[in-house]
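As a plain string of letters, each chain reads:
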Amino acid sequence: MEKEIIKIAKLSRTFLVGNEEVHALKEISLNVKQGEFVSIMGASGSGKSTLLNILGCLDTATSGEYEIDGISVKKRTKNELSEIRNRKIGFIFQSYNLLPRTNALENVELPLLYNNSFSAKERLERAKEALIAVKLEDRMFHLSNQLSGGQQQRVAIARALVNDPVMLLADEATGNLDTRTSYEIMILFQELHQKGKTIVFVTHEKEISEFTGRTVVLRDGIILRDEKLISKSAIDALADYPNLMKVVS
Amino acid sequence: MKLVNLIKVAFSALLRNKGRAFLTMLGIVIGIASVIAMVSIGQSSSQSVSEQLSTMGSNMILIMPGKQMRGGVSMGVSNSKSLTMDDVTELKAKSHYIESVSPSVSSGGQLVYGTNNHPGNVQGVSPVYLTIRKYELKQGVMFNDDDVRVASKVCIVGKTVTDKLFPDGENPLGKMIRFGNVPFRIIGVLEPKGRNQMGQDQDDIVLAPYTTVQKRILAITHINMIFASAKSEEVSESAATEATQIIRENHELTGTTENDFEVRTQEELLSMMNSVTSMLTILLAAIASISLFVGGIGIMNIMYVTVTERTKEIGLRMAIGAKNRDILLQFLFESIILSLLGGVIGIVLGLLLSYSASTMLGWPFIMSEFAVIGSFLVCAATGVFFGWYPAKRAAQLDPITAIRYE
Numbered sequence: 000m001e002k003e004i005i006k007i008a009k010l011s012r013t014f015l016v017g018n019e020e021v022h023a024l025k026e027i028s029l030n031v032k033q034g035e036f037v038s039i040m041g042a043s044g045s046g047k048s049t050l051l052n053i054l055g056c057l058d059t060a061t062s063g064e065y066e067i068d069g070i071s072v073k074k075r076t077k078n079e080l081s082e083i084r085n086r087k088i089g090f091i092f093q094s095y096n097l098l099p100r101t102n103a104l105e106n107v108e109l110p111l112l113y114n115n116s117f118s119a120k121e122r123l124e125r126a127k128e129a130l131i132a133v134k135l136e137d138r139m140f141h142l143s144n145q146l147s148g149g150q151q152q153r154v155a156i157a158r159a160l161v162n163d164p165v166m167l168l169a170d171e172a173t174g175n176l177d178t179r180t181s182y183e184i185m186i187l188f189q190e191l192h193q194k195g196k197t198i199v200f201v202t203h204e205k206e207i208s209e210f211t212g213r214t215v216v217l218r219d220g221i222i223l224r225d226e227k228l229i230s231k232s233a234i235d236a237l238a239d240y241p242n243l244m245k246v247v248s
Numbered sequence: 000m001k002l003v004n005l006i007k008v009a010f011s012a013l014l015r016n017k018g019r020a021f022l023t024m025l026g027i028v029i030g031i032a033s034v035i036a037m038v039s040i041g042q043s044s045s046q047s048v049s050e051q052l053s054t055m056g057s058n059m060i061l062i063m064p065g066k067q068m069r070g071g072v073s074m075g076v077s078n079s080k081s082l083t084m085d086d087v088t089e090l091k092a093k094s095h096y097i098e099s100v101s102p103s104v105s106s107g108g109q110l111v112y113g114t115n116n117h118p119g120n121v122q123g124v125s126p127v128y129l130t131i132r133k134y135e136l137k138q139g140v141m142f143n144d145d146d147v148r149v150a151s152k153v154c155i156v157g158k159t160v161t162d163k164l165f166p167d168g169e170n171p172l173g174k175m176i177r178f179g180n181v182p183f184r185i186i187g188v189l190e191p192k193g194r195n196q197m198g199q200d201q202d203d204i205v206l207a208p209y210t211t212v213q214k215r216i217l218a219i220t221h222i223n224m225i226f227a228s229a230k231s232e233e234v235s236e237s238a239a240t241e242a243t244q245i246i247r248e249n250h251e252l253t254g255t256t257e258n259d260f261e262v263r264t265q266e267e268l269l270s271m272m273n274s275v276t277s278m279l280t281i282l283l284a285a286i287a288s289i290s291l292f293v294g295g296i297g298i299m300n301i302m303y304v305t306v307t308e309r310t311k312e313i314g315l316r317m318a319i320g321a322k323n324r325d326i327l328l329q330f331l332f333e334s335i336i337l338s339l340l341g342g343v344i345g346i347v348l349g350l351l352l353s354y355s356a357s358t359m360l361g362w363p364f365i366m367s368e369f370a371v372i373g374s375f376l377v378c379a380a381t382g383v384f385f386g387w388y389p390a391k392r393a394a395q396l397d398p399i400t401a402i403r404y405e
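These protein sequence lines are chains A and B, in that order. Positions 0 to 248 (numbering that gives the first Met the number 0) are the ones given, in order, by the first sequence. Positions 0 to 405 (numbering that gives the first Met the number 0) are the ones given, in order, by the second sequence.
No wet-lab data here; the hints were simulated from the structure. There could be a bad hint or two in this list.
Claimed, not checked - To spell it out: a stretch of chain B is covered by chain A in this simulated footprint if at least three of its residues, at any positions, have a beta carbon under 8 Å from a beta carbon of chain A; those stretches are:
| hint | region |
| --- | --- |
| 1 | 0-6 |
| 2 | 149-156 |
| 3 | 307-316 |
| 4 | 395-402 |
Unchecked claim - A few chain B residues facing chain A, derived, Cβ under 10 Å:
| hint | residue |
| --- | --- |
| 5 | Ser11 |
| 6 | Ala12 |
| 7 | Arg15 |
| 8 | Asn16 |
| 9 | Glu266 |
| 10 | Leu268 |
Said to hold, decoys possible - 25 Å max Cα-Cα, derived BS3-like pairs, lysine-lysine:
| hint | chain 1 | residue 1 | chain 2 | residue 2 |
| --- | --- | --- | --- | --- |
| 11 | A | Lys120 | A | Lys134 |
| 12 | A | Lys77 | B | Lys311 |
| 13 | A | Lys77 | B | Lys1 |
Glycine is no exception: its CB is placed at the ideal position from the N, C-alpha and C atoms.
Model the full structure from these sequences, guided by the hints.
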């Protein structure tokens with residue numbers, strides 16, 4: 000029996016806007032097993048950003064349960080949530096969010112700086128390993144602004160991997176990239192998935208969600224569909240890319 | 000987060016914006032440098048005053064005639080004959096704190112040697128006068144007690160007098176000069192001493208036995224002044240009190256009768272001069288502190304801008320596990336590093352400034368440890384104080400909004 004990484008039961012999140020209550024999430028339930036590659040889809044206003052914030056322990060639910068890797072997130076202090084984020088989650092953002100004028104290695108090291116159990120030497124080793132895993136071993140000492148968009152996102156993925164999290168949480172990770180680079184990034188995600196990483200990928204692009212093994216569609220705060228599919232190979236998609244362009248022209 | 004990592008993070012954040020960090024620091028640099036320079040220069044000037052006073056003899060006590068009452072009528076000071084040799088003898092005999100005592104009588108007139116002349120002043124003293132006033136002989140000898148007893152017509156001259164009377168560089172030793180109708184033989188020449196802090200030329204001086212001046216020039220029996228020296232600088236106040244007592248007894252002044260003389264110590268002069276310079280120092284330091292304060296506000300201002308500008312970075316750090324405290328401390332450290340670094344540069348610059356100022360003015364250079372340590376503490380405090388609010392604001396950002404801030 001595979002371990003449940005995410006266990007969500009009857010989770011609601013309500014915001015108070017003025018005097019009006021806005022129900023961003025309405026009693027949703029969702030489980031993700033270890034090693035799953037899940038995409039969460041939905042239009043804006045569907046509640047997917049709220050779900051992402053809760054999954055990432057940046058926000059807490061108004062009611063209901065959320066367990067990550069067997070740890071209940073309910074009634075945690077801010078500091079405890081910080082620690083959960085630091086140890087259990089690897090964030091990847093749409094706009095990479097690398098530190099400016101800082102080299103790739105230092106960017107990747109960053110999460111380990113907030114974990115006292117790592118020495119400077121261990122940090123460097125782990126960061127190097129993570130950069131090798133995203134095939135950027137020859138760009139370690141390049142400053143973030145000297146890297147292309149795809150390379151920057153790879154550094155961000157390495158940064159998410161460096162603390163060996165139980166789950167990678169990607170927020171529109173291909174949103175700022177062109178199609179070809181998106182495919183390359185998706186190849187990387189599929190590789191990481193094959194190595195056993197649990198990945199939750201929030202996107203609004205249907206095509207991107209086809210590269211994952213399960214798609215959860217949100218609408219108006221409820222889960223509309225939750226279906227498992229055979230994922231498309233990103234390698235094939237990249238190979239097919241020139242033909243795709245021919246058809247268009 | 001470990002402290003060493005925190006400092007590293009703060010440093011690398013500052014290094015990412017070197018130009019701005021430098022300009023922010025500049026305010027602190029100028030503030031600290033001016034405080035250090037002002038305090039240091041102030042202390043140098045007061046040191047130079049006391050050094051000059053001590054070349055006059057810091058343990059010197061001056062006794063001058065005061066106003067005299069005759070039958071209820073104040074006779075004024077200038078013609079006062081209240082001090083006599085008897086007072087000098089009494090002081091010598093009875094005082095415990097006084098080392099040496101010399102009477103002083105002086106007469107103004109023209110000094111003549113050959114075709115050269117110089118308006119001068121012959122001061123009649125006893126041989127101990129030299130040690131009381133800390134004069135030294137360059138050539139020749141001081142007259143002795145025998146010269147005093149027989150009222151010899153000998154004198155000791157200062158550099159200004161020899162320059163005026165012997166402009167061709169002739170050796171004045173043994174030459175006869177004339178003062179009015181009285182010829183004096185020069186038996187000694189004094190080491191030059193320069194001007195005192197009032198601007199008086201201390202080398203424009205002719206010393207002769209007091210008996211000679213009393214009998215051969217002025218034909219008087221009283222004396223103009225008494226110069227005494229206390230055994231040390233510390234006891235000069237006690238010596239002054241004691242001298243007052245002895246002379247009062249000798250003048251048969253009882254009860255509440257006013258003194259017909261005045262006793263002054265160098266100490267009084269010194270403390271007066273010091274109070275003036277220290278007041279100036281405080282004033283200058285206060286003005287300089289204002290610039291330090293402005294520098295601190297500069298730091299706060301930049302830190303505020305920085306926090307807004309780096310909202311996204313703060314959001315990211317929080318998302319990957321930075322606690323609020325980590326963010327607070329990072330920004331606090333940045334501001335402390337700025338102000339401490341600025342402080343160190345300011346201290347060096349301030350010391351250089353005061354060193355060159357004292358050298359130029361010929362004052363002794365004093366490094367005020369108090370000002371240096373004080374400034375350093377003030378810098379640290381400035382960093383914490385002015386960095387606190389921006390850092391607090393950074394730490395209170397909501398990670399969800401911060402990470403998506405554009």
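To see whether the hints hold, each was checked on the structure:
As drawn, the region 0-6 of chain B meets chain A at 3 residues by the rule of a beta-carbon pair under 8 Å; at three or more, the given contact holds. Coverage of the region 149-156 of chain B by chain A is violated [criterion: at least 3 residues with CB-CB distance below 8 Å; count 0]. Under a criterion of three residues with beta carbons nearer than 8 Å to beta carbons of chain A, the stated coverage of the region 307-316 of chain B is upheld, 5 such residues being counted. Only when three residues or more bring their CB closer than 8 Å to a CB of chain A does the claim for the region 395-402 of chain B stand; here the count is 3, and the claim holds.
Taking 10 Å as the C-beta cut-off, the interface hint given for B/Ser11 holds, the closest approach to chain A being about 7 Å. Interface hint status for B/Ala12: upheld, as the beta-carbon distance to the closest one in chain A is roughly 8 Å, under 10 Å. Hint status for B/Arg15: holds, given a least beta-carbon distance of 5 Å to chain A, under 10 Å. Taking 10 Å as the C-beta cut-off, the interface hint given for B/Asn16 holds, the closest approach to chain A being about 8 Å.
About 62 Å separates the beta-carbon of B/Glu266 from the nearest beta-carbon of chain A, more than 10 Å, and the hint is not met. The interface hint given for B/Leu268 is violated, since its Cβ lies 63 Å from the closest Cβ of chain A, which is over the 10 Å cut-off. Of the supplied pair hints, the one linking A/Lys120 and A/Lys134 holds, its CA atoms being roughly 21 Å apart against a limit of 25 Å. Straight-line distance between C-alpha atoms of A/Lys77 and B/Lys311 comes to about 19 Å, which keeps the hinted pair within the 25 Å bound.
For the given pair, A/Lys77 sits about 19 Å from B/Lys1 by alpha-carbon distance, which is consistent with the 25 Å threshold.
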